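S.K.: Please build the complete structure, drawing on both the sequences and the hints.
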Amino acid sequence: MALGAAVVGAVPPLEIQGTDFVNPETGNKFQIVGMAYQPGGSAGYDPATGKDPLSNKDKCMRDAALMQILGINAIRVYNLDPNVNHDECASIFNAAGMYMMIDVNSPLPHESLHSLAPWESYHADYLNRTFAIVEAFGNYPNTLLFFAANEVINDEKTAEDAPQYIRALTRDLKNYVKNNLKRKIPIGYSAADVREVLWDTWNYLQCSDPEDEGDMSRADLFALNSYSWCGPEATYETSSYNDLVAGFESSSVPIFFSEYGCIEPAPRYWNETQAIYGKQMSSVFSGGVVYEYTEEENNYGLVKIDDDKVRILGDFNRLKNQFARIKWESVQSNPAGKNSSAKAPECKSSLIKDSNFDSNFTIPDVPPKAQGLIDNGIKNKPSGKIVKISDWNVKLDVMNADGSAMKNLKVVPLKDDESNASGNNDADTGSETTDDKNSTDSDNKTSSSSGDAKDGDDDEDAAGLNRPLAWAMAFPLAVMMFAL
22 MALGAAVVGA
32 VPPLEIQGTD
42 FVNPETGNKF
52 QIVGMAYQPG
62 GSAGYDPATG
72 KDPLSNKDKC
82 MRDAALMQIL
92 GINAIRVYNL
102 DPNVNHDECA
112 SIFNAAGMYM
122 MIDVNSPLPH
132 ESLHSLAPWE
142 SYHADYLNRT
152 FAIVEAFGNY
162 PNTLLFFAAN
172 EVINDEKTAE
182 DAPQYIRALT
192 RDLKNYVKNN
202 LKRKIPIGYS
212 AADVREVLWD
222 TWNYLQCSDP
232 EDEGDMSRAD
242 LFALNSYSWC
252 GPEATYETSS
262 YNDLVAGFES
272 SSVPIFFSEY
282 GCIEPAPRYW
292 NETQAIYGKQ
302 MSSVFSGGVV
312 YEYTEEENNY
322 GLVKIDDDKV
332 RILGDFNRLK
342 NQFARIKWES
352 VQSNPAGKNS
362 SAKAPECKSS
372 LIKDSNFDSN
382 FTIPDVPPKA
392 QGLIDNGIKN
402 KPSGKIVKIS
412 DWNVKLDVMN
422 ADGSAMKNLK
432 VVPLKDDESN
442 ASGNNDADTG
452 SETTDDKNST
462 DSDNKTSSSS
472 GDAKDGDDDE
482 DAAGLNRPLA
492 WAMAFPLAVM
502 MFAL
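If you read the sequence shown in this note's numbering, its first letter stands for residue 22, the second for the next number, and so on.
Mimicking BS3-like on lysine-lysine, the simulated pairs with C-alpha atoms at most 30 Å apart in a straight line are: (1) 341 / 428; (2) 431 / 406; (3) 400 / 199; (4) 78 / 205.
None of these hints come from the bench; they were simulated from the model. None of the values given here were measured: they were computed from a predicted structure.
M.R.: Laid out in structure tokens, this is it:
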């Protein structure tokens, strides 16, 4: 059937050229219009029951349809079980025109790097688990990238030892991909936007080590979780987005927001989207990931799930309205390669400016018993594949922002080599609502959205003040809560 055939290759695998994600079919720079997707928070991953965010076809169909309405073209998933079959969910998001950005860690013991004592968590069993995630998702054409770590460095204390181990883990993952996968999938890092360590973190991970053949320990991309654009009066300057653009202008790898969406003061008007995808930022940044899809205890959600029934919140439609204002055809048609020859700085101690930040670029050796895994692959490899989906209708209940039931909601399979954009699925999600923290005024207050409406004082500290609590915490425990 035609619909079944549409699943096979809806999105083309992307490549990195210099500082850009590139669609090889068009040669254009790809801008990430992403969504953080971890229903249930860290509890959404439970290996004892085989439960994770990409294990239930009906839930994925529902959520893919709603994100398709928004115009999302990529999801970020934090905690996954490599032993669960993800074929149906991966195929649904693929057909809906959405890439997957996959974190290789989890909040369970021995499944993540320890921030303060990384040497205790960096061993063969840990690497085996991260390699299993790579194997589980490496065959899907819509797997965009893997995050080696998330916010492991979040203050000067965690910057003393963790950087070396992040580079070591990056090396091991890149070598595993090189030796065991059919295509090159990039490996990157998702950083906390804590300015006292941000720039050194970026330079430490993007620099080129002349003694590292092939730059295998160098990150392929650098992303940041930033919550500095807060409230309807914020601008490009007062949010310090201008400082981020200026700071990353010399990057040698792609830069994007791996999380954004400050919630105080509420509600969120998403004016920052006009800057992120506008001329001020799009030459340096490659888009961003909205935090987050489902309402959890930290109150960042666009939808609320109760017993498998979804209710759309006010933030959903405000975001949809902002995305609808953007000319996506123009955004996604800019030729790549303006910074294709950007040269990475050489790894040397003078590159690091903070005296407390690790400036030693001699990274740890591969742990005992791990080199064989890297060279030959893990045992009992999970292997994903795109499968035929015959029914695109959403079977679970979805309530509009006004409380009415959505009818005939479905995923619209896209053509081959096409990613999703606002307008591909025009199902009606109602108007802005007046509920709890997602309340709204009649005035959408977008006058400052362009970022150049007025000047303001730079606020370097704002970057860390409004982050979700789970991200703002350091990770002194072996069990690190990477998700929500």
